[in-house]
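*Asks:* Please arrange chain B on chain A, whose structure you already have, making use of the hints.
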Amino acid sequence: MSATTVTTPSAGAPAAPRGRTTKAPSRLTPSRAALYCLLVVLLAIFVLPMLFAVSGSFKPRADIFGEPLRLIPSTATLENYRSLLSSQPFWSWFGMSVGVATVATVVSVFVCALAGFAFAKYRFRGKQLLFTIMFSSLSVPFAVILVPLFVLLVKTGLGSPYFALIIPWVAPAFGIFMMQQYIVQSIPDEILEAARIDGCTEFGIFLRVVLPLLRPSLGALGVWSFLQSYNSFLWPLVIVSDVTNYTLPLGLNILYASENRAFDLVLPGAVLASVPMLIVFLVLRKQLLEGLSAGAVKG
Amino acid sequence: MTTTTTSGAVAAPPQAARARTGGVSAATQRAPYLFIAPFYVLYVLFMIVPVGAAIYLSLTSWVGLGTPTFVGLDNYSGLLTDSSFWTAAGNSGIYVAFSLLVIVPCSLLIAQALNTKGLRARDLFRVTFFVPMVVSPIVVALIFSMMLDREYGLVNSMLYSLFGVPGIDWLSDPEWAKVSVSFVLLWRWVGYLTIFFLAGLQAVPRELYEAAELDGAGAVRKFTTVTLPSIKPVTAFVVVTSFISAAQLFDEPYLLTKGGPGEATLSVAMFIYRAAFERQQFGYAAAAGVFLFVIVFAVSQLLNRALQIGRAS
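Protein sequences, first through last, are from chains A and B.
The opening position of the first sequence corresponds to residue 1 in my numbering, with each subsequent residue numbered one higher.
The opening position of the second sequence corresponds to residue 1 in my numbering, with each subsequent residue numbered one higher.
These are calculated hints, taken from the structure and not from any lab test.
Just so you know, not all the hints are guaranteed correct.
Facing chain B, a subset of chain A residues (Cβ under 10 Å, in silico) [to be verified]:
(1) F46
(2) L48
(3) P73
(4) A76
(5) F94
(6) L114
(7) Y122
(8) L138
(9) A143
(10) G159
(11) I167
(12) R196
(13) I205
(14) L211
(15) M277
(16) L289
Within a straight-line C-alpha distance of at most 27 Å, the following computed DSSO-like cross-link-like pairs (lysine-lysine) qualify [what the hints assert, rightly or not]:
(17) B:K117 x B:K232
(18) B:K117 x B:K178
(19) A:K127 x B:K232
(20) A:K286 x B:K117
(21) A:K121 x B:K232
(22) B:K117 x B:K258
(23) B:K232 x B:K222
(24) B:K232 x A:K286
This one's a predicted model, so the numbers in the text were calculated from it and none came from an experiment.
For each residue, glycine too, the CB sits at the ideal point set by N, CA and C.
Chain A on its own, in the form it takes in the complex (with noise of 0.2 Å):
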């Protein structure tokens, strides 16, 4: 209705449509359009090289590098994915994966919590010292602890790959710092003191109270957890010795640096391998990414 007005212009009318453009939040103006293209254009390098290895993926072996610049393959196919999981343990590497950074996050999920739960909601002696000594854990490379972990791991028997695999990732201080913080915001003393008045045991009021209420935090540093233990490279490289104990990102090592320039094998297989995660952060993106942020922005 408003189009039609303004292309017919008479004394007083356009006023009114010509008000309500000025006041209208995204009005085109050249800034805005070269912010828009900027950020398009940044948004295609961050997308093309991830498409570009789904349509290798499904592209004959002499096209993945015949054809580089073609993102809709000429050729599609699924032979790629068939020769990998027939020729490969794919899914024994994926299974490895997924199964120690589940028991990794859960565990960590929990220890987080707790140990967060203690920072926001109590007042001890010590707590000041015990949460720097906390923090400070965070810059402690692991490329230092790399070796005699190995070491004191092997030499006490407890190399075993399910336990080994799992340690390094249970106590992130990262994950108590976020937890302590969403607590302080988010859970009034008032209902800690109503629960304690009815008789609830403090491990009771985590259990019952808490941990009901974290559930939004609690999903975030489950995925960040998982992410960190399913992406993690070089512990599992050092530590993982047997073929049939790798996990995936090994076997994905080995058979690109073993057969030459396979990509018609790896592409799939990290395909398949980013495909679930993918899946999982856009399903829970909104509580990740705020549930990473929130700690940081109040330090």
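*Replies:* Same frame as chain A, now just chain B:
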């Protein structure tokens, strides 16, 4: 359920509650220690003990079998004259400098762009820029080794067909290899760091900008006098995190270039890995680890103190 029955008690005067916390039961006093105990048990077993073991190992010569022989500071003096180690330290320094001087400012700029009033599809951009962090480093390395292939890669094909530029040795020329590893780092990290800056920018009160506008401040002035001081906690967090991650970088150079060509992209973490697990020099590797630990720990504590983060309350 439980809360409704006691809502009367909650309404009791706050002084009463405060008086009660003064005389809390022994169980309540013990609770926080029990709650943080699992973390500290794991922390001692898998962080403190290994760091101690690293210091001990660094004073020995050990090939992984038999008993380590005490050699005093020999490993450290060996490191000081080891040209590979200095190459690795220099490269890690480059990765750190690149993270702090390029990746962090880039993510702040992207966050600033995404924070524009009334921007459409902000969430689409924010989420997409984050995706590289979700993907495994091995997958990222595979994608880029395919794209950066000298003869058949997408990047060189594109450069050739658009500008007629002859192929660049992205991964096997010493200088370009550093550029490629750095670019992959940028690609993987920038969207992750943007999330933090964006959250920080969104928390800056609008009134501060309006006040600055009344004082006649332009865009640049508003950025330096309002934005930067307001997002200091986030900046501190991002700077420290990036520093620590870049200083111990392993995956990207290992997977993309194997540290090469030669030692052109070798990082300190890769040096440690090679010494221990390719040459069985566990004591020597541990010494390099202790060196890395001292540098990273000292610098990040200084940064923490300077930028005031890591307080309990």
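*Asks:* Which numbered hints does this structure break?
*Replies:* 3, 4, 5, 10, 14, 18 and 22
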